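Keeping their order, the protein sequence lines are chains V and A.
So in numbering that gives the first Met the number 0, the last one in the first sequence is 262, and the numbering has no gaps at all.
So in numbering that gives the first Met the number 0, the last one in the second sequence is 265, and the numbering has no gaps at all.
If you're looking for bench data, these hints aren't it; they were derived computationally from the structure.
Predicted model only: the values in this text are computed from it and were never measured.
Be aware that a few hints might be false.
Said to hold, decoys possible - Cβ-Cβ distance ranges computed for the label pairs, FRET-style:
no.: 1; chain 1: V; residue 1: 262; chain 2: A; residue 2: 187; range: 31 to 37 Å
no.: 2; chain 1: A; residue 1: 57; chain 2: V; residue 2: 203; range: 47 to 53 Å
no.: 3; chain 1: V; residue 1: 211; chain 2: A; residue 2: 58; range: 54 to 60 Å
As the list claims (entries may be wrong) - From the derived model, a few chain V residues whose C-beta atoms are all more than 10 Å from chain A:
no.: 4; residue: 65
no.: 5; residue: 99
no.: 6; residue: 101
no.: 7; residue: 169
Beta carbons are placed, not taken as given, at the ideal position from N, Cα and C, and that holds for glycine.
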Amino acid sequence: MNGAAVTDNVRAALWFALSFVAIVAVWQWYAQSGLASKLLPAPSAVALNFFDAVRDPFYDHGQNDKGIGLHLLASLGRVAAGFGIAVVIGIPLGILIGLSPVAAKALDPYVQVLRPVSPLAWLPIGLALLKSSASTALFVIAISSLWPILLNTIFGVRAINPLYLSVARTLGTSRWETLRRIVLPAAAPAIVGGLRIGIGIAWLVIIAAEMLMGGTGIGYFVWNEWNNLDVSSIITAILVIGVVGLALDRLFGLLHARVSFSE
Amino acid sequence: MIPRLALTELRKSFGARGGTTLVVDGISLAVGPDEFVALIGPSGCGKSTVLNIAAGLVAADAGTVAVDGVPIAGPGPDRGVVFQQYALLPWMTVFENLAFALRSARGLRDPAQIAAAVDAMLATVHLSHARDRLPSALSGGMKQRVGFARALLIEPKIVLLDEPFGALDALTRAHLQNEVLALWERAPRAALMVTHDIDEALLLADRVAIMSRGPAATIARIVEVPFARPRRRADLMESPAFNHLRAELLAQLTHETELLENALAS
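Chain A extracted, bound-state conformation:
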């Protein structure tokens, strides 16, 4: 079966004056249709670089990114991106932000058709009441709902999530994670999420890929998340299997982080 997204032997160095640092070195990862994959790793290991390469925003030095088996060069609306910092356009209302995305990504022109699609999506993410507000009048959680709405509205082949809950406070984060979980279980679709939060990865993902310490990071290990869907956060937290897996991943992540810190210290 052709994976929805295939990253093959990605390699990327960032050059500074007087030398370059190899950030990712031979990363390969596949995301199947309707599969949710989380990519976790210690801070600074280059996971966001991998996501940016998948999004086409950063060019890899070597390796390929393929969507449905077709290699891509550069960004495009076949991949919907949710940014950590929301990235809403501040001079457009919520509605205008979403309508702009629809026009750009799907070439829609009919205002009635656009309005219907946007309003339906706003209802899905419980934001109908904020339709005509500017992003500056929204809380962080509401902004990121618009971010999710924008990525889903353009009906991409895969959604790329760059620490989508990273800028939110703990309560808002848990609440939005639950909503995203429900959204995905209602309508599964391919997703690749970068995060450093193990709980978040285990809650949402079907598989978790752990990146080794950078520089020259690779995929250290890929773990199947065995919990049946629909999942409920409270049930998971109480399950011994969850806590066992969580401890195991945490140990590995701590190990990689220590290696990273030692490498940086020496």
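Bound conformation, chain V alone:
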């Protein structure tokens, strides 16, 4: 069985390498064929741009010429702050709704109506509410990543094995201790699942928000390079965005494994 798995992995890696080479070859041919716009760079040019960007990511030559690393840090900082706000609101509110049927019914209309709204529709509301573009970006991140955190927390709390709560009741466990030692750990896998979806949404949304808000950030970087007609830099940014998104997802995957339990 182990042997079969190894063979499968080797074959998958082989297929990946082959398809990657094929895609790059087709791209190289297409870029040189004259069929595409002159703006489309050849893969070789993108590779040069990428290594250039990664070699010195933190230079700062004024407003419109900063290294990609600085933009990345600005975006990550915003995501951390906006996502943090969503966590601080989403988890306690989710636990409250999960434990109280009355709260669930009272808040359900808000959740149902606001949840499907596109993140970008919140931008003007954010600007109207907060007046500054910096806080609006945080607002949009927070309100977009709030829903999966809230809904997963509600689900996790509702799905707690009632036996665990019976144990707490027969032991005379205080409300606070029941919350901290039973409700939270029992719902933790579902909550972290919500965090994982939420951070993914936050990372999606920050790029779009920064393209519109301007200033700093990887989204602004993409927009700025488009104004410079530098598509190589945009493709470099896309690769960086993808890798960072993957890393964030893996981070929460690890956290999920830590809080999971089997009965």
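Keeping the supplied structure of chain V fixed, place chain A upon it in accordance with the hints.
Positioned in the frame of chain V, the structure of chain A alone reads:
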């Protein structure tokens, strides 16, 4: 003498859409200090409902539950519960499960004092080697030992046992029954055990209460178990008195079960 646990005229209906079913109808039962009482009855007769009412997890429609003569409302650590499905908290190790119980039930805060009490109890139930394991790494028998340890550790006035051996395989069950028997004979304490196993009831209990068929179950009969302690399973199995009593209870239980099945069929 005031009984340790007194159930008086308990009545409970469960409501479904379009009607309610009277599950238990006027159950009265007393457990004395240091007395082990088994409550047996056909499956589905409502014996677990009685235990849950005694534990305070289910509210009775009528009747009272009193511990040492004081009526109780709701669950509390004066009654230690052993659950059929163990009910260990899976994110805590064995030690943490027991320490959590001590902190909750007895308000202990001193870590050294908690550790000493938990470790002593683990030694009593032969689980010292599993101290730092998660419940998922334990066999069913080991899990239920932790269940017993938790119920005893909080030093309740009475232990309530809800088919505590019901989820175990036959060999593990017999082994754990022997250990529980020894534990109780070393340090007798009040217990109310729900079971459908006559042998188990006769092995462990001082008195056996037989529930009538549900719905609207009552106590059909209470039997004193006359066998001297300390008891040994092998000796009991060979004794004619044991086999006579066992046959008598089995006949009654079969009768109640038939009545129950007829009632359900009609």
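Results for each hint:
With their beta carbons about 33 Å apart, residue 262(V) and residue 187(A) fall inside the hinted range of 31 to 37 Å. Under the hint 47 to 53 Å, the C-beta atoms of residue 57(A) and residue 203(V), about 48 Å apart, fit the expected range. Distance hint check for residue 211(V) and residue 58(A): the Cβ-Cβ separation is about 57 Å, which falls inside the suggested range of 54 to 60 Å. No Cβ of chain A comes within 10 Å of the Cβ of residue 65(V); the nearest lies about 45 Å off, and the non-interface call holds.
Every Cβ of chain A is farther than 10 Å from the Cβ of residue 99(V); the closest lies at roughly 19 Å, confirming the non-interface assignment. A cut-off of 10 Å between C-beta atoms confirms that residue 101(V) is not in contact with chain A; the least separation is 20 Å. Distance check on residue 169(V): its Cβ comes as close as 5 Å (rounded) to a Cβ of chain A, failing to clear the 10 Å threshold; non-interface status is violated.
Of the numbered hints given earlier, the model fails hint 7 alone.
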